[in-house]
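Engineer: Spelled out from the first residue to the last, the chains are:
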Amino acid sequence: MKEYISKKLLLLIPTVLAITLLVFAMMRFIPGDPIHLLLGDMYDKRQADELRHVYGLDKPLFVQYVGWLARLAQGDWGQSVLTSRPVFQDIISRLPISLELIVLSMLLALLIAIPAGVISATRPYTVFDHGAMTVALLGISIPDFFLGILLFLLFSLTLGWLPVQGYVPLTSSVVDNLRHMLLPAVALGMARCGILTRLVRASLLEVMRLDYVTTARAKGVVEFLVINKHALKNALIPTITVAGLQIGFLLGGAIIIEAVFGIPGVGTFGVQGILKRDYQQVQGFILIVALLFVVSNLLVDVSYAYFDPRIRYEQREK
Amino acid sequence: MENSQGTSVETVAVEHALRGATPQYRARSMLGITLRRLARSYSALWGLCMVCALLLIAAFANFIAPYGPAQIVPGGGSLDLPTWAHPMGLDLLGRDVFSRVIYSSRIAIYVGIVSIILALPGIPLGIVAGFYGGRLDKLIMAVMDVILAFPIFLLAIVIMVILEPSTTNVVIALGIVRIPIYARVVRGSVLSVKENEYIEAVRALALSRWRVLFHHVLPNCMAPIIITSTLSVATAILIESSLSFLGLGTQPPTPSWGWDLKANLVFMDTNPWIVIFPGLAIFLTTLACNMLGDGLRDALDPRLKR
Chain C
1 MKEYISKKLL LLIPTVLAIT LLVFAMMRFI PGDPIHLLLG DMYDKRQADE
51 LRHVYGLDKP LFVQYVGWLA RLAQGDWGQS VLTSRPVFQD IISRLPISLE
101 LIVLSMLLAL LIAIPAGVIS ATRPYTVFDH GAMTVALLGI SIPDFFLGIL
151 LFLLFSLTLG WLPVQGYVPL TSSVVDNLRH MLLPAVALGM ARCGILTRLV
201 RASLLEVMRL DYVTTARAKG VVEFLVINKH ALKNALIPTI TVAGLQIGFL
251 LGGAIIIEAV FGIPGVGTFG VQGILKRDYQ QVQGFILIVA LLFVVSNLLV
301 DVSYAYFDPR IRYEQREK
Chain R
1 MENSQGTSVE TVAVEHALRG ATPQYRARSM LGITLRRLAR SYSALWGLCM
51 VCALLLIAAF ANFIAPYGPA QIVPGGGSLD LPTWAHPMGL DLLGRDVFSR
101 VIYSSRIAIY VGIVSIILAL PGIPLGIVAG FYGGRLDKLI MAVMDVILAF
151 PIFLLAIVIM VILEPSTTNV VIALGIVRIP IYARVVRGSV LSVKENEYIE
201 AVRALALSRW RVLFHHVLPN CMAPIIITST LSVATAILIE SSLSFLGLGT
251 QPPTPSWGWD LKANLVFMDT NPWIVIFPGL AIFLTTLACN MLGDGLRDAL
301 DPRLKR
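Going line by line, the protein sequences match chains C and R.
231 is the number that this note's numbering gives to position 231 of the first sequence; each next residue is one higher, with no gaps.
98 is the number that this note's numbering gives to position 98 of the second sequence; each next residue is one higher, with no gaps.
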């Protein structure tokens with residue numbers, strides 16, 4: 001197990017480097033010369049050359065890249081042109097908020113998908129099954145921001161049960177925090193829930209046909225345990241894979257949901273930066289999202305080892 | 001005995017038989033079987049109808065929509081609730097929302113179809129990778145994996161930051177992002193087909209590699225390609241509307257569902273309908289593509305063959 005994890009951690013390094021390379025390249029590809037933008041009307045060739053030298057823009061690209069990388073590692077992610085605050089600080093303060101949204105959405109999705117999938121698989125082609133699959137299909141098709149808007153329309157504007165916008169930190173009040181996060185988490189999680197429900201149902205149906213399930217039943221194991229302990233553990237393997245892949249979609253969706261519900265997370269930070277052409281903000285945003293993605297993939301890979309003992313033993317045999 | 005093309009008659013006959021296209025099987029062509037199985041599923045038929053309806057609406061938007069997409073309705077009015085004259089109400093500038101929604105379907109179809117076409121280079125990449133294997137395979141797949149390693153939406157945003165936001169650039173971004181998916185899917189098909197004995201048989205007949213690829217390997221990959229394409233259209237429309245919602249996609253005055261949603265959002269308490277209808281349009285389009293894609297997947301599933 002330890003070898004497996006350490007191998008995965010080692011692979012992390014080239015992946016992260018590739019991401020930084022991509023972001024660096026992206027920043028250089030953006031049309032427009034930053035010095036031009038900075039000086040505007042007062043553009044003067046001599047001054048421009050001086051500034052280029054000061055910012056290190058006249059050095060070869062590779063040197064610029066290494067310098068930039070070193071600054072990143074030290075926590076200097078640049079300064080936002082709009083707010084004049086260090087980008088790193090803003091991102092760190094907003095990160096927990098986005099993380100909470102993402103984790104809540106995933107939890108909600110799994111909490112609904114797994115039981116629904118199990119019930120669908122154990123009672124196939126019944127009303128529940130058809131209903132669940134229909135709801136799943138609807139969940140996959142509806143754009144998450146539209147669902148968010150509809151929920152918001154219904155629960156906040158019309159019924160007034162839940163607050164309209166904004167965010168309350170966990171530290172001030174857990175209940176208020178959850179009240180604010182509930183609709184966004186539901187909106188974000190529903191599409192994932194749809195995909196996962198269908199997957200749990202399909203994998204469970206496959207697994208239930210296998211011989212070892214029949215053996216368990218023949219041994220006299222209670223049906224509930226046969227399904228939920230023996231069959232489910234194997235059925236969850238593809239589910240975990242897909243859930244891991246879904247995290248990417250969650251990260252993307254969180255950007256929009258934050259915009260809809262006015263949650264001050266990393267997503268709104270990035271969108272503001274993009275719309276106002278504040279490239280330092282954009283750079284920080286893309287870096288953090290890509291890093292989050294890589295880390296979450298790592299966690300999924302590690303959880304694989306827990307769910308599928310074959311992976312652990314394969315490593316040991318080597 | 002050789003005919004004018006230099007292949008012997010016997011070879012052609014054997015090849016023909018291997019393809020199962022001899023006269024007594026012609027009535028059961030792949031297309032016929034697929035369509036028949038598709039027709040057995042209600043949701044698939046619904047999906048097909050809705051997709052056809054969408055295509056018709058987009059094609060005949062001029063005739064269906066009472067006003068132009070940017071036309072300010074005579075008689076004034078702003079943020080009006082739906083009436084018989086304006087079934088979906090008016091937006092802030094006094095434009096008929098119904099007409100805008102109709103015209104936006106053109107953008108959706110354009111984005112869906114063209115992004116698929118731009119992603120088609122993934123197919124030859126996948127075929128080459130799967131067929132030749134070895135280092136070429138590893139190289140191609142490594143490049144594909146790097147692109148796939150990023151969340152699609154993030155990659156689309158990055159590309160839109162570099163290129164100026166516009167519908168064309170959205171389509172380019174979506175196409176690029178989709179290439180690895182096609183490559184992956186096709187490669188998987190090719191790998192599974194490669195092992196089949198009939199490929200060995202055909203190659204033993206000393207047919208050229210190209211012939212083998214196009215006439216024998218490719219038809220077997222068509223099923224996953226079709227399914228992926230249908231489902232990709234749904235994703236493409238969703239991503240385009242998400243990007244337009246953020247202001248990074250289709251720019252005004254071109255009408256787009258996502259943009260309209262965003263623009264009308266602030267007026268939701270006055271008139272929620274102008275937000276609901278564009279969103280509903282996106283939802284129904286995506287739903288149609290998903291239902292059709294699901295139906296196609298079930299109809300083309302080789303495991304269900306008699």
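Since the hints were made in silico from the structure, they are not lab data.
Bear in mind that the values here come from a model prediction, so they are computed numbers and not experimental data.
All C-beta atoms, glycine included, are put in the ideal place defined by N, C-alpha and C.
One or more hints might be untrue.
Listed next, with one range per pair, are the computed distances between beta-carbon atoms [claimed, not checked]:
no. : chain 1 : residue 1 : chain 2 : residue 2 : range
1   : R       : 164       : C       : 89        : 27 to 37 Å
2   : C       : 306       : R       : 83        : 35 to 45 Å
3   : R       : 56        : C       : 125       : 26 to 36 Å
4   : R       : 68        : C       : 123       : 27 to 37 Å
5   : C       : 7         : R       : 146       : 11 to 21 Å
6   : R       : 133       : C       : 310       : 20 to 30 Å
7   : R       : 220       : C       : 99        : 41 to 51 Å
Which bits of chain R does chain C cover? Going by a derived footprint, with three or more residues having C-beta under 8 Å, they are [what the hints assert, rightly or not]:
no. : stretch
8   : 141–150
9   : 234–248
Residues on chain R that point at chain C, a partial pick, calculated with CB under 8 Å [to be verified]:
no. : residue
10  : 172
11  : 176
12  : 279
13  : 287
14  : 291
Engineer: Next, verify each hint and record whether it holds.
Structural biologist: Each hint tested on the structure:
Look at residue 164(R) against residue 89(C): about 30 Å separates their beta carbons, and that is inside 27 to 37 Å. Judged by the Cβ atoms, the range 35 to 45 Å given for residue 306(C) and residue 83(R) is violated: they are separated by roughly 60 Å. Look at residue 56(R) against residue 125(C): about 34 Å separates their beta carbons, and that is inside 26 to 36 Å. Look at residue 68(R) against residue 123(C): about 53 Å separates their beta carbons, and that is not inside 27 to 37 Å.
In this structure the supplied range 11 to 21 Å holds for residue 7(C) paired with residue 146(R), their Cβ-Cβ distance being about 19 Å. In this structure, residue 133(R) and residue 310(C) meet the distance hint of 20 to 30 Å, their C-beta atoms being roughly 26 Å apart. Between residue 220(R) and residue 99(C) the C-beta distance comes to about 44 Å, which sits within the given range of 41 to 51 Å. For the stretch 141–150 of chain R, the assignment as covered by chain C holds, since 3 residues bring a beta-carbon within under 8 Å of that chain's beta-carbons and 3 suffice.
For the stretch 234–248 of chain R, the stated coverage by chain C is satisfied: 8 residues place a CB nearer than 8 Å to a CB of that chain, which reaches the threshold of 3. The criterion of a C-beta within 8 Å of any C-beta in chain C is not met by residue 172(R), whose closest approach is roughly 14 Å, and the hint is violated. Proximity of residue 176(R) to chain C is violated relative to the hint, the smallest CB-CB distance being about 13 Å (cut-off 8 Å). The interface hint given for residue 279(R) holds, since its Cβ lies 4 Å from the closest Cβ of chain C, which is under the 8 Å cut-off.
Evaluation of the residue 287(R) hint against chain C yields a held restraint, the C-beta minimum of about 4 Å falling below 8 Å. Here the hint on residue 291(R) is kept, as its CB sits about 7 Å from the closest CB of chain C, short of 8 Å.
Checked against the numbered hints given earlier, the structure breaks hints 2, 4, 10, 11 and satisfies all the rest.
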